[in-house]
Amino acid sequence: MAPDEYREPVPSFTFPRQTLVSLLVFAVFWEALSHLAPYLGIPPFAVPGLLKIARSIAAITPVDIVVTLARVVGALLASFVIGLALAMAMYRSEKLHNYLHPMVRILMAVPVVSWILFAVLWFPGVEFRIGFVLVVVCGPVFLIDTIDAMRGVPRELRQMMQSFRPTTYQFFVKLMLPAIVPTIFTSWKVNISLAIRVVTIAELVGAVTGIGHQLSVAQELFSVADVFAWTIVLVVLLFLLEGLLSRAEKRLLRWRP
Amino acid sequence: MSVLAPETQSGPPPIEVRGLRKVFRQATSGQSVIAIDRLDLAIAPRDVVAIVGQTGCGKSTFFDMLIGLEAPTEGSLRIGGKSPHDDFDYFRGRIATVFQQDRLLPWRTALDNAKLPLELIGMAEDEQNKRALAWLNRLGLGQFINAYPHELSGGMRQRVAIARAFAVQPDIMLADEAFGHLDEVTAGELRDTFLSLARESGSTAILITHQLEEAISVGDRIVVFGKSARLLADIHVAKWPKEQYALLREAIQSTLQNNAPDPRLTQV
Ligand SMILES: Nc1ncnc2c1ncn2[C@@H]1O[C@H](COP(=O)(O)OP(=O)(O)O)[C@@H](O)[C@H]1O
Ligand SMILES: [Mg+2]
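Quick note, the sequences are listed as chains E and H, same order. The first sequence: position 80 = 80 (my numbering), numbered continuously. Residues are numbered in my numbering as their position in the second sequence, beginning at 1, plus a constant of 257.
In case anyone wonders, no lab produced these hints; they're calculated from the structure. We put the beta carbon where it would ideally sit given N, CA and C, even for glycine. Heads up, a few of these hints could be off.
[Stated by the list, open to error] Label pairs and their calculated CB-CB ranges:
hint: 1; chain 1: H; residue 1: Ala-381; chain 2: E; residue 2: Ile-106; range: 45 to 51 Å
hint: 2; chain 1: H; residue 1: His-407; chain 2: E; residue 2: Phe-239; range: 30 to 36 Å
hint: 3; chain 1: E; residue 1: Leu-20; chain 2: H; residue 2: Glu-382; range: 49 to 55 Å
hint: 4; chain 1: H; residue 1: Glu-331; chain 2: E; residue 2: Arg-151; range: 30 to 36 Å
hint: 5; chain 1: H; residue 1: Gly-412; chain 2: E; residue 2: Lys-95; range: 41 to 47 Å
hint: 6; chain 1: H; residue 1: Gly-412; chain 2: E; residue 2: Gln-170; range: 26 to 32 Å
hint: 7; chain 1: H; residue 1: Arg-456; chain 2: E; residue 2: Leu-77; range: 53 to 59 Å
hint: 8; chain 1: E; residue 1: Met-103; chain 2: H; residue 2: Ala-301; range: 51 to 57 Å
Work the whole structure out from these sequences, hints included.
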């Protein structure tokens, strides 16, 4: 097998000068716009100055970040376990695979908004609704990626493994799982950014805590500065999680050329 | 080194193949391919046998049945009275294989690759390390035990694969075109190492190849397969005087080309 099969770009976490410059240019432009707004016919609340945004950032309640993060991580772990377990069952049973694979693909085509409406109509509990939406959106990604990767493990390696007569457990633990680790990382990266975006929408509907809830409060108060602040939190959160994943990936995939 | 000594004094079991057939039904065309047609073959304990035949003659299919990965369509293949396919688990640690490519796990170091079959038989961890290390040293890889496969040359990777196969100290050692993809010098070296290790460890060795030179250099016994693994010749090389080797080579060559036994083979 070509070692290239496992190669994919690892997002680097450098902060080049160009990034800083463009951020700075944007900040200056924004600040200028906030002063010019009244003369341009823009309502003053729409473009809050940097100072106002800074105050909003300072006023951020960490508990909401923790709650949202807990929901994301909890739902992702649940999705991962369910996806992996189903993928292993589908790997062992061709029949199950043939019935389930197209069904899961259909589920993946359902828009997030539909899932949120279903969740609101079906389930009374807020936490359960959010969890349901996240798992139903992220679970299939894990499942499809994992089963496709398992079926893509080279026949030569499977045959080699079989020739040494492993138990089913050994076959999965010593061959299939390590072979799909690169795919699992890719899947986690896709799902983390997906989950961060979905959780806020899900929290908009009926939650009394979390970043999504704070966003909806900010919207009711017409506070663009607060929306700005929470959005920055979300973006930073996503970057941090991706950074953590990349580090784990580098460590676990040392064997790659 | 005591860790390299064979565990059993009784020796490997004999291999008996009777009326073996294997028919594949092609999924696309629905046609059937007779990969092996009524093969009879007996291999005695500790025999070192080369099986030679042209590409597509059913060698790998026979090999898969020896390992037990494929079931016979008809007939039987027994090792010590047991079927490698039906009594699959019985042969854990008793049959080992070197494949056409090294088939190392890319995420494992040389040492961990060599250990793999030992882990599967549930050997104690420090015993695994001792054994795998001893075999890697034996194959000249002492400096590279912590290297990943992509850091090794093709020849070195195949050495790791050989260490992995011998580490379980199997009764039956199989090699399917194991050296064909390497350059001639490396291939020759590895083949010699493989054969001397097989003889030393007292296991039965079956080496499958489509190259006549490789078959001849194995020495003891050459089995020539025709189309559908038809047994064209079964040559005990020791019966041939050294000065007739050129004749032997020519006779096998023409047997392979004509898919029929060359009359010169029965002279001796
Ligand atoms: N799984 C399979 N399904 C269908 N046909 C097969 C299969 N495996 C081998 N064959 C066919 O059986 C014949 C023998 O193949 P093989 O044993 O690989 O030959 P060799 O190893 O001597 O080159 C070939 O015609 C091949 O196409
Ligand atoms: Mg072959």
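Each hint tested on the structure:
{"no.": "1", "hint": "H:Ala-381 with E:Ile-106: 45 to 51 Å", "verdict": "holds, 50 Å"}
{"no.": "2", "hint": "H:His-407 with E:Phe-239: 30 to 36 Å", "verdict": "holds, 31 Å"}
{"no.": "3", "hint": "E:Leu-20 with H:Glu-382: 49 to 55 Å", "verdict": "holds, 51 Å"}
{"no.": "4", "hint": "H:Glu-331 with E:Arg-151: 30 to 36 Å", "verdict": "holds, 31 Å"}
{"no.": "5", "hint": "H:Gly-412 with E:Lys-95: 41 to 47 Å", "verdict": "holds, 44 Å"}
{"no.": "6", "hint": "H:Gly-412 with E:Gln-170: 26 to 32 Å", "verdict": "holds, 29 Å"}
{"no.": "7", "hint": "H:Arg-456 with E:Leu-77: 53 to 59 Å", "verdict": "holds, 54 Å"}
{"no.": "8", "hint": "E:Met-103 with H:Ala-301: 51 to 57 Å", "verdict": "holds, 56 Å"}
Consistency note: the structure conflicts with none of the earlier hints.
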